[in-house]
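Engineer: Take a look at the letters that make up each chain.
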Amino acid sequence: DAGITQSPRYKITETGRQVTLMCHQTWSHSYMFWYRQDLGHGLRLIYYSAAADITDKGEVPDGYVVSRSKTENFPLTLESATRSQTSVYFCATREGPTGELFFGEGSRLTVL
Amino acid sequence: GEDVEQSLFLSVREGDSSVINCTYTDSSSTYLYWYKQEPGAGLQLLTYIFSNMDMKQDQRLTVLLNKKDKHLSLRIADTQTGDSAIYFCAESMGTDKLIFGTGTRLQVFP
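Protein sequences appear in the order of chains A and B.
Numbering follows my numbering, in which position 58 of the first sequence is assigned residue number 58; successive positions increment by one, without gaps.
If you want my numbering, it's the 1-based position in the second sequence plus 1000.
Treat the hints as calculated values from the structure; they're not laboratory data.
What you are looking at is a predicted structure, and each value in this text was computed from that prediction instead of being measured.
Misleading hints may appear alongside valid ones.
Residues from chain B that face chain A, not an exhaustive set, calculated with beta carbons under 10 angstroms [unchecked claim]:
1) 1006
2) 1040
3) 1041
4) 1045
Keeping only pairs whose Cα atoms sit at most 30 angstroms apart, straight-line, the calculated DSSO-like set for lysine-lysine is [unchecked claim]:
5) 57/A x 11/A
6) 70/A x 1070/B
7) 57/A x 1036/B
8) 57/A x 1097/B
9) 11/A x 1097/B
10) 1070/B x 57/A
11) 70/A x 57/A
12) 1067/B x 57/A
13) 11/A x 1067/B
14) 1097/B x 1067/B
Built from N, CA and C at the ideal position, the CB exists for glycine as well.
Put together the whole structure using the sequences plus the hints.
Structural biologist: Here it is as C-alpha cells:
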C-alpha cells in the first residue's frame, strides 16, 4: 500500500519552463494539499482541495496552478518556473476536514 | 507559515527534557498539532490537542496549551538522539486548512 506517491522526487529545470509535480494517493481521502518548504519559512500552503473539482488557494498560490479531476490525483503545475520557486514540495492528504495529515516524501525542485 | 512562529533551533543533551514553543494566531483554531520531520522525509503527526484542553500527555510527550496567550508547547522527556529532527506546530484555520509554523530544529548531543 503506497499511500501517497509524489513524482518526480527530484527535478532540475530552467527559468520559464513549465513543470508539473504529480501527487497520487491510494486511500481516497477527500482532502489533498500542496505545501512548499523553505528554510526560515517552514511549510507554506500553496493550494488545497476538499474534493474532486473543488480547489482553493492557500497562503502562496501565485505562479501555481492545480487541478483535481479525480479524487486520487492532485497535480501542481508551475506554468513558467522562476528561481524563487526552487523548493521542496510536499503533497498531503486528509480523510476529512479535521484530523491527521499524511505527507508524501516530497519533490525537490531546482529552477536554474 | 509566518503567522505561526517558532524558534529555529534547540540543542539539548541526551537525557534532558526538550521544550519547543510555538505561538499561533487564530483564536478559533479547533485543533493544534505537532509534527515531526526526519531528514529527507515528509512530516509525521506526533500528537495534537483539542482547543478546549490545557494539557495532553502521551508517553514522553506533553503538550501545553495557553489559549489566552495563543501559546503551544511540546515537552519531550528524556530526549534521545533519535528525537533529533525538525518539529512543526500547526493550527487548523477554519475547518479545513492547516497552517504550519517555521519549524524548530532539535539537535540532541551525547
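Engineer: Now tell me, hint by hint, if it's right for this structure.
Structural biologist: For each hint, the structure was consulted:
With a least beta-carbon distance of about 8 angstroms to chain A, the hint placing residue 1006/B at the interface is held under the 10 angstroms criterion. Hint status for residue 1040/B relative to chain A: holds, with the closest Cβ pair at about 8 angstroms, below 10 angstroms. Contact between residue 1041/B and chain A, as hinted, is supported at the beta carbon level, the nearest pair being about 6 angstroms apart and thus within 10 angstroms. Given hint, residue 1045/B at the interface with chain A, holds; its Cβ is 5 angstroms from that chain's nearest Cβ, closer than 10 angstroms.
With a CA separation close to 24 angstroms, the supplied pair residue 57/A and residue 11/A stays within the 30 angstroms bound. For the hint pairing residue 70/A with residue 1070/B, the CA-to-CA distance comes to about 38 angstroms; that exceeds 30 angstroms, so the pair is violated. Annotation: proposed proximity of residue 57/A to residue 1036/B holds, straight-line Cα distance about 25 angstroms (limit 30 angstroms). With a CA separation close to 10 angstroms, the supplied pair residue 57/A and residue 1097/B stays within the 30 angstroms bound.
For the given pair, residue 11/A sits about 27 angstroms from residue 1097/B by alpha-carbon distance, which is consistent with the 30 angstroms threshold. Only pairs whose Cα atoms come within 30 angstroms are accepted, and residue 1070/B paired with residue 57/A is accepted, the gap being roughly 25 angstroms. With a C-alpha separation of about 18 angstroms, the suggested pair residue 70/A and residue 57/A falls inside the 30 angstroms cut-off, and the hint holds. For the proposed pair residue 1067/B and residue 57/A, the alpha carbon gap of about 27 angstroms is at most 30 angstroms, so the pair holds.
Note on residue 11/A and residue 1067/B: the hinted pairing is violated, with a Cα-Cα distance of about 42 angstroms set against a maximum of 30 angstroms. At roughly 19 angstroms between alpha-carbon atoms, residue 1097/B and residue 1067/B fall within 30 angstroms of each other, so this suggested pair holds.
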